[in-house]
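**Student:** Chain residues, written in single-letter form:
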Amino acid sequence: MPISRAAAAAAPVLSVVTVLLAVWYFAAVMLNSAWTLDRAERAEQAVGALELVADTLSQDRPRLPAPHQVAAEIWKTTVQKKITSKRSLVFHAWVTLSATLLGFAFGTALGVLLAVAIVHDRATDLSVMPWVIASQTIPILALAPMIIVVLNAAGISGLVPKAVISAYLSFFPVTVGMVAGFRSPAVHDIDLMKTYNANKTQVFWKLRLPASTPFLFPSLKVGIAASLVGAIVGELPTGAVAGLGARLLAGSYYGQTIQIWSALVVAALLAATLVSLIGSIERVVLARTGRAA
Amino acid sequence: MSGAPVIDARSLGLTYQTGDGPVLALQDVTLEVAKGEFVSFIGPSGCGKTTLLRVIADLEQPTSGEIRVNGMSPEAARRARAYGYVFQAAGLYPWRTIEKNVRLPLEIMSYSREEQAARVRRVLELVDLSGFERKFPWQLSGGMQQRASIARALAFDADILLMDEPFGALDEIVRDRLNEELLGLWDSTAKTIVFVTHSIPEAVFLSTKIVVMSPRPGRITDVIDSPLPRDRPLGIRDSAEFLKVAQRLREGLRAGDGGAD
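The listed protein sequences correspond, in order, to chains A and B. Per my numbering, the very first residue in the first sequence carries number 950; after that it's consecutive. Per my numbering, the very first residue in the second sequence carries number 142; after that it's consecutive.
These aren't lab readings, by the way, just hints derived from the structure by calculation. Heads up, some of the hints might be wrong.
List time: in silico BS3-like cross-link candidates among lysine-lysine, alpha-carbon distance up to 30 Å [what the hints assert, rightly or not]:
#	chain 1	residue 1	chain 2	residue 2
1	B	Lys241	B	Lys276
2	A	Lys1155	B	Lys385
3	B	Lys241	A	Lys1143
4	B	Lys276	A	Lys1149
5	A	Lys1170	A	Lys1143
6	A	Lys1025	A	Lys1035
7	B	Lys385	B	Lys350
8	B	Lys276	A	Lys1155
9	B	Lys385	B	Lys241
10	A	Lys1143	B	Lys385
11	A	Lys1155	A	Lys1143
12	B	Lys350	B	Lys176
13	A	Lys1170	A	Lys1155
14	B	Lys176	A	Lys1143
15	B	Lys241	A	Lys1149
16	A	Lys1143	B	Lys350
Calculated Cβ distances over 10 Å to all of chain A for the following chain B residues [unchecked claim]:
#	residue
17	Asp161
18	Arg209
19	Arg371
20	Arg373
What follows is a set of in silico ranges between Cβ atoms, one per label pair, in the way DEER data are often shown [said to hold, decoys possible]:
#	chain 1	residue 1	chain 2	residue 2	range
21	B	Ala331	A	Ser1225	53 to 59 Å
22	B	Ala331	A	Ser1133	36 to 42 Å
23	A	Pro1167	B	Thr362	49 to 55 Å
24	A	Lys1149	B	Arg318	35 to 41 Å
25	A	Ala958	B	Pro374	54 to 60 Å
26	A	Leu1235	B	Ser152	50 to 56 Å
Where is the CB? At the ideal position from N, CA and C, for every residue including glycine.
Using the sequences and the hints, build the whole thing.
**Tutor:** Set out below in structure tokens:
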């Protein structure tokens, strides 16, 4: 019974969403009431409790916009705007998404190649692995402007520098996960290959790679979320022209909190969609290879 | 049973270097296995029976002595794909169906597609698993998984079958049936089988030659040439001859162990 199963799966998610919305509304009232009370005091007016709540949830530039204000803003800037418009969130989301996907592809390819090298070559394991880990201890916010400046000086601008930052963040979980995955076969699995006199290439394609799939997908999920963060961070130092990062930056320049929050929510929805897309592929692949997800 | 021995070990020794000093896993092991024999290694844990099997398979290297398999070094024999190895755990790859698991060695050894299909069909029939080609390992019982693992070892043309306690984890009834089937396979394929076990009835029922081993250091204490006929129904286990061999085996094991355990 697919309907009841879907409902059963949705129920916990929905209850968490409900709690979050309640907390969000409560916080909006608390954070925005100072401004309302301040203005009322200057006008020497008394404010009733209901008026106070109503006002805190409908300010133009609230400290914390209420969920329905964000929802209305998203509706206005997605459905009611042409997607070619500079004010369309769909346009900005697409700019960020394209950099995310390109960076994710770079990062995954790099991550898998590094893992293959690390597993097959002891020298690489000893020399490269520490650098792989060190690379992630540098704050990406410090590194991102330099990547963009350096690539720009080399004549590369636009999508690619952002994708490079995305790749920088996303290769790491893939490398770590795939190293664990390639090393997951048990001793007797490898001994079996040895009794067949299999070469390293055969051991890789027939044993290490298929054994690593349960490790691949969790890595990809972390990797694609990191890619999105990388793309957004990559948009911040470019002077904010297009993309969700640009919307965040422009919003904070002009104190447009509703704009900031709607960009944030869209980024979160985008990440959730990408992660669940990988989850769907994971289920199909694992089911086809005899392992229920 | 004539001609050069299939396995010929002379004064074989293997010492592991561990943090607590050297451990003598095998000492002065001398053994000949003729073509077509069914040889069992039996002994308590730590007696080196699995180590000896792994030395034959070139999965461990002896530190002294000499060993020839099919007249060559174990490494050359392994490279020539002289043996099929059945591990204690069935060790089927969980992402492959039964059919594809059996096909694995054939893929690695570059058999043609038609040849692969024909051989898979034949060995699955041999171990009575026809109809389970498309199942994944977890869909099969432990006994069926072990049969698939034997089929995998039989799929290519190795004339030696090395088996490391293949039925150790199975219940008595399944084990009895698989023992009977294994004897049938041995009879029909004319392979040389080396079989590691810790079960006395299993060793006596299956073997033409029983090698009794004892631990600390791992060594051979007795070699029994079985007086039982080649054709053995399960009922033979109640015969006087069977019980006599089992008795000698039990005493050998007790003596070798020095009453330590």
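**Student:** Please work out if Lys1025(A) and Lys1035(A) have their alpha carbons no farther apart than 30 Å.
**Tutor:** Roughly 13 Å between the alpha carbons, so the hint for Lys1025(A) and Lys1035(A) holds.
**Student:** Look at the Cβ atoms of Ala331(B) and Ser1225(A) and judge whether their distance stays inside 53 to 59 Å.
**Tutor:** For Ala331(B) and Ser1225(A) the Cβ distance comes to about 57 Å; the hint holds.
**Student:** CA of Lys1155(A) to CA of Lys385(B), is that 30 Å or under?
**Tutor:** The given pair, whose Cα atoms are some 48 Å apart, is violated under the 30 Å limit.
**Student:** Take a quick look at Arg373(B) and tell me if its Cβ sits farther than 10 Å from every Cβ on chain A, holds or violated.
**Tutor:** Nearest chain A Cβ is 28 Å from Arg373(B), so the label holds.
**Student:** Evaluate the given range 54 to 60 Å for the C-beta pair formed by Ala958(A) and Pro374(B).
**Tutor:** 57 Å, holds
**Student:** Quick one: work out the minimum CB distance from Asp161(B) to chain A and report holds if it exceeds 10 Å, violated otherwise.
**Tutor:** 21 Å, holds
**Student:** What's the verdict on Lys241(B) and Lys276(B), does the C-alpha distance respect the 30 Å limit or exceed it?
**Tutor:** With a Cα-Cα distance of about 10 Å, the restraint between Lys241(B) and Lys276(B) holds, given a limit of 30 Å.
**Student:** CA of Lys176(B) to CA of Lys1143(A), is that 30 Å or under?
**Tutor:** 24 Å, holds
**Student:** Compute the least Cβ-Cβ separation between Arg371(B) and chain A, then decide whether it is above 10 Å.
**Tutor:** Check passes; 28 Å lies beyond 10 Å.
**Student:** Take a look at whether the Cβ-Cβ distance between Pro1167(A) and Thr362(B) falls inside 49 to 55 Å.
**Tutor:** 52 Å, holds
**Student:** State, for the Cβ atoms of Lys1149(A) and Arg318(B), whether the hinted interval 35 to 41 Å holds or is violated.
**Tutor:** Holds, since Lys1149(A) and Arg318(B) (Cβ atoms, about 39 Å apart) stay within the stated range.
**Student:** Quickly compare the C-alpha distance for Lys241(B) and Lys1149(A) to 30 Å and report which way the hint goes.
**Tutor:** Since the Cα atoms of Lys241(B) and Lys1149(A) sit roughly 20 Å apart, the hinted pair holds (cutoff 30 Å).
In summary, the numbered hints that this structure violates are 2, 5, 9 and 10.
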